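Asker: Throw the hints in and build the complete structure from the sequences for me.
Sequence order for the protein chains is A and B.
Going by our numbering, the letters in the first sequence line up with residues 270 to 491, in that order.
Going by our numbering, the letters in the second sequence line up with residues 1216 to 1328, in that order.
Hints were generated in silico from the structure; no laboratory data involved.
One or more of the hints may lead you astray.
[To be verified] Label-pair distances were calculated between CB atoms; the ranges are:
hint	chain 1	residue 1	chain 2	residue 2	range
1	B	1252	A	359	10 to 20 Å
2	B	1322	A	352	35 to 45 Å
3	B	1242	A	384	17 to 27 Å
4	B	1322	A	410	43 to 53 Å
5	A	464	B	1265	34 to 44 Å
6	A	359	B	1268	16 to 26 Å
7	A	306	B	1308	28 to 38 Å
[To be verified] If we take Cβ atoms under 8 Å as the criterion, some of the chain A residues that face chain B in the derived model are:
hint	residue
8	312
9	326
10	366
11	368
12	369
Computed from a predicted structure; not experimentally measured.
From the three backbone atoms N, C-alpha and C, an ideal C-beta is built for every residue, glycine too.
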Amino acid sequence: MSVSEQAAPVAATAGPGTHPDHVPHDATAPAHHTNTGLSNEKLGMWLFLGSECLLFGGLISAFLLYRTKDVEGMAGPAVADLYDIPFTSVSSFVLLMSSLTMVLALSAIQRADHRRARTWLLTTAMLGASFVAGQVYEFTAFVREGLGYTTNLQSSAFYTLTGFHGVHVTIGILMLVSLFVMSLRGRLGAEKAETVEIIGLYWHFVDIVWIIIFTLIYLVPA
Amino acid sequence: MSDDTMAEAAAEEYQAQTEHEGHDHPSERSYVVIAIVLALLTALEVATFYVEEQLGGLLVPSLMVMMVVKFFLVVAWFMHLRFDGRLFTRVFVSGLVLAVGVYAVALTTFRFW
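Answerer: Now the structure itself:
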């Protein structure tokens, strides 16, 4: 049996008095060999996510401004008139649950339970793909209703914002599929758990951006 | 060294490294509980869409509160900021605060409020 197929039940080493809700660690083990004692790769991802706040902040602000601007003389329908809230709610729920499957994949890889990790990684990718498919359906429905990318200011802002988010989800799916393939080939051992964690950070960020978009763009009335 | 031992050693090394970053990952049960709370909050958010008129002035504040709680739960638990090194929190919160500040000023400039 290959290394990647082994299940090392690290969590099972918990001693008496350990909090049942947490996986224990060996406090005497070495830290990362960096100036901060933290993982540089993980720090880099957090820096990237911090900068992404500015990107999405700009796109959300632009939409908020344009959805109330010059509505009277605006060409085409208003974006808010075309929302299908029940449908978008299901999409939001799907993306939210993909965050759960992502942490379950990380939890499995940390225990070196590779079969379960692959299952959760694939589930996460499929949930993400369902979300993107929903977005494509929504865009198609909007275009059929006469709301193209250049129809008016708010449609441009809407498609740019949600399109950028969709591209982020798609990139996340590609990374998840890569992890899945690496695992299949036995190249995602327990020592690569941090790689899964870093990609998980990106995935959860995409989820929290949607939490904000769903509330501010879809649910809060103009 | 056997494959079994190598896999176990690799998993333990990763656990040890994460310990030094200050985090203590939650159990799978905790993740499921958080996911249920997130699902309930989403259901509540969607419910506000159907009782907009009844909620009146409470609609926007209640949506904001639920959005912030969901955001916090995902960041703190699923992204492990609650358990991770403080530097990660500082880096992310700096970007977030900068974004909120910059765009709050920008929206105010355009008389959005």
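Asker: For each hint, tell me whether it holds in the structure or not.
Answerer: Against the structure, the hints:
Between residue 1252 (chain B) and residue 359 (chain A) the beta carbons are some 19 Å apart, a value that agrees with the proposed interval 10 to 20 Å. For residue 1322 (chain B) paired with residue 352 (chain A), a C-beta distance near 22 Å fails the hint of 35 to 45 Å. Between residue 1242 (chain B) and residue 384 (chain A), the C-beta spacing of about 20 Å keeps the proposed range 17 to 27 Å intact. For the pair residue 1322 (chain B) and residue 410 (chain A), the beta carbons lie near 29 Å from each other, so the given range of 43 to 53 Å is not met.
Roughly 43 Å separates the CB atoms of residue 464 (chain A) and residue 1265 (chain B), a value that falls within the hinted 34 to 44 Å. A beta carbon spacing of about 24 Å between residue 359 (chain A) and residue 1268 (chain B) agrees with the range 16 to 26 Å that was offered as a hint. At about 20 Å, the beta-carbon gap between residue 306 (chain A) and residue 1308 (chain B) misses the expected band of 28 to 38 Å. Given hint, residue 312 (chain A) at the interface with chain B, holds; its Cβ is 7 Å from that chain's nearest Cβ, closer than 8 Å.
Interface hint at residue 326 (chain A): satisfied, since its Cβ lies 4 Å from the closest Cβ of chain B, which is below the 8 Å cut-off. At about 7 Å, the closest approach between the beta carbon of residue 366 (chain A) and any beta carbon in chain B falls short of 8 Å, and the interface hint on this residue holds. Nearest Cβ of chain B to the Cβ of residue 368 (chain A): about 5 Å, under the 8 Å cut. The hint holds. Annotation: residue 369 (chain A) was flagged as interfacial toward chain B, and the flag holds, the nearest CB pair being 4 Å apart, inside 8 Å.
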